[in-house]
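Line by line, the protein sequences give chains A and B.
Take the first sequence: its position 48, counted from the start at 1, is 48 in the working numbering, and no numbers get skipped.
Here the working numbering = 1-based position in the second sequence + 208.
Just so you know, these hints were derived from the structure itself, not from any lab.
Among the clues, some could well be false.
[Stated by the list, open to error] Restraint ranges, calculated between C-beta atoms of paired labels, are given here:
{"id": "1", "chain 1": "A", "residue 1": "Glu26", "chain 2": "B", "residue 2": "Ala375", "range": "17 to 27 Å"}
{"id": "2", "chain 1": "A", "residue 1": "Gly85", "chain 2": "B", "residue 2": "Ala279", "range": "38 to 48 Å"}
{"id": "3", "chain 1": "B", "residue 1": "Asp224", "chain 2": "A", "residue 2": "Asp25", "range": "39 to 49 Å"}
{"id": "4", "chain 1": "A", "residue 1": "Ile91", "chain 2": "B", "residue 2": "Arg384", "range": "45 to 55 Å"}
{"id": "5", "chain 1": "A", "residue 1": "Phe92", "chain 2": "B", "residue 2": "Ala375", "range": "11 to 21 Å"}
{"id": "6", "chain 1": "B", "residue 1": "Pro326", "chain 2": "A", "residue 2": "Asp10", "range": "29 to 39 Å"}
[As the list claims (entries may be wrong)] Residues of chain B clear of chain A, computed beta-carbon distances all greater than 10 Å:
{"id": "7", "residue": "Phe228"}
{"id": "8", "residue": "Ala253"}
{"id": "9", "residue": "Val331"}
{"id": "10", "residue": "Leu382"}
C-beta: ideal position from N, C-alpha, C; glycine also.
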Amino acid sequence: MNDPRTPRPDEERLLKWLLGELPADEAKAIAHELEADPALALAREWIQEEAPGAERADELVCPPLHTGPARVAHHPLVPAWFWQGAAAAAIFIIGFGMGQIAPLIDATPPAPVQTSYDHYQLQAPVAEPSASPAVPATPVQPEPADAAPPAEPQPPASPARQEIRLAQADPPPRYVSEENGRVTIETTLAGSGARAVWVIDGNFRLSE
Amino acid sequence: MTVEDGALAAAAAAGDERAFATLVERYRGYIHAIAWRIVLDEEEALDIAQETLIKLSRSIGQWQGRGSFRAWLGAIASRTALDQRRRPGRRERPTDPQSFPEPGAGRMVAMAATVRSPVELLVAEERREQVTAAMGRLTPQQRAIFQLRLGEEMLPGEIAERLGIPARQVRSQLSRAIARLREELAEEK
Chain A
1 MNDPRTPRPD EERLLKWLLG ELPADEAKAI AHELEADPAL ALAREWIQEE APGAERADEL
61 VCPPLHTGPA RVAHHPLVPA WFWQGAAAAA IFIIGFGMGQ IAPLIDATPP APVQTSYDHY
121 QLQAPVAEPS ASPAVPATPV QPEPADAAPP AEPQPPASPA RQEIRLAQAD PPPRYVSEEN
181 GRVTIETTLA GSGARAVWVI DGNFRLSE
Chain B
209 MTVEDGALAA AAAAGDERAF ATLVERYRGY IHAIAWRIVL DEEEALDIAQ ETLIKLSRSI
269 GQWQGRGSFR AWLGAIASRT ALDQRRRPGR RERPTDPQSF PEPGAGRMVA MAATVRSPVE
329 LLVAEERREQ VTAAMGRLTP QQRAIFQLRL GEEMLPGEIA ERLGIPARQV RSQLSRAIAR
389 LREELAEEK
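Same shape as in the complex, but just chain A (with noise of 0.2 Å):
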């Protein structure tokens, strides 16, 4: 008795057929070896009927046509997650180099900017409160524009405020006050007359 799952000869010339292993004129001349194949016949026959459930294929939507370039699913080499970790390795290397690197640099901040006061000629230092005790401030008379400066500082009046003269061209001359921080600078309005007072505390305000 044959052994069913042992080929015969012309059952292997059809696997070869169905393998594509068969010459085309061979293969075009082998649809009734085919035929004469029971399990490839009955194969071919079931995938040629009816599917159970066809006339539900009536159901079935006609989709919008997209006539657009083909979507093409696309397939990333790398996975998001390995982008997201490599930069979140990236800001920790980038963020301990800083580290490394700002002792270095020397932070001591930048010298003030020396204002111009060139048009002006200091001539009271001030000086530090806690060196004189508290007298009231008096204020200094302006001198001409044209008057000669005097060749020695005067004293200063009091410790918490200091009187600064400054000899002035053009307008007419200014008194400098400092008292705790503040600089107050007295002057007289040209227009009216009027005695001006400007106190400078990194607010600048007008009084009179």
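Following the hints, complete the assembly by docking chain B onto the known chain A.
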């Protein structure tokens, strides 16, 4: 007058909605049948057929007019069905023949065409059930390959290209499928 598939596909690729609708009308039953033979489940076959139509609407411009449009479409449907089976949560397995639907009169059209008597009809029905059971013991991939080879007469290299698997795998699956089928049908004789 019936317009050829190639002309309809070219018109659809140029944006002709009516040509595309005609193609869908012509092939939706075929697509559903292909899907069913791979997954052996009516509902799933419907989902796959719908997804295949959506893919077709997006890729109709790729049809280059070479070979058979029907075979090209059958390959899209087969690949869609296999992709569906490979999705997470699904398990690649031969379908349980016990879960097959009861045979209906509509399914006997092809096999009953040459028989006439009730006895012959019964024999044909029984034979069909045996074949369905034997096909059900193959894997979905084997059924897809078998279908494209026997139904569309595509060569293994072409099947491999369309399904995105190595040609060697196609040949080995074909060999195993036909051996299994012969064994199953011989046992049930």
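Quick rundown of the hints versus the structure:
1. Range check, Glu26 (chain A) to Ala375 (chain B): Cβ separation about 20 Å, and the 17 to 27 Å hint holds.
2. Taking the beta carbon of each, Gly85 (chain A) and Ala279 (chain B) are about 45 Å apart, inside 38 to 48 Å as hinted.
3. At roughly 40 Å, the beta carbons of Asp224 (chain B) and Asp25 (chain A) sit within the given window of 39 to 49 Å.
4. At about 53 Å, the beta-carbon gap between Ile91 (chain A) and Arg384 (chain B) stays in the expected band of 45 to 55 Å.
5. Distance hint for Phe92 (chain A) and Ala375 (chain B): a CB-CB separation of about 47 Å, inconsistent with the stated range 11 to 21 Å.
6. Separated by about 34 Å at the C-beta atoms, Pro326 (chain B) and Asp10 (chain A) satisfy the suggested range of 29 to 39 Å.
7. The non-interface label for Phe228 (chain B) is inconsistent with chain A: the shortest C-beta to C-beta separation is roughly 5 Å, within 10 Å.
8. Not every beta carbon of chain A lies more than 10 Å from that of Ala253 (chain B), the smallest distance being close to 7 Å; the non-interface claim is violated.
9. Separation of Val331 (chain B) from chain A is adequate, the least Cβ-Cβ distance of about 13 Å exceeding the 10 Å criterion.
10. With a least CB separation of 5 Å from chain A, Leu382 (chain B) falls inside the 10 Å interface cut-off, contrary to its annotation.
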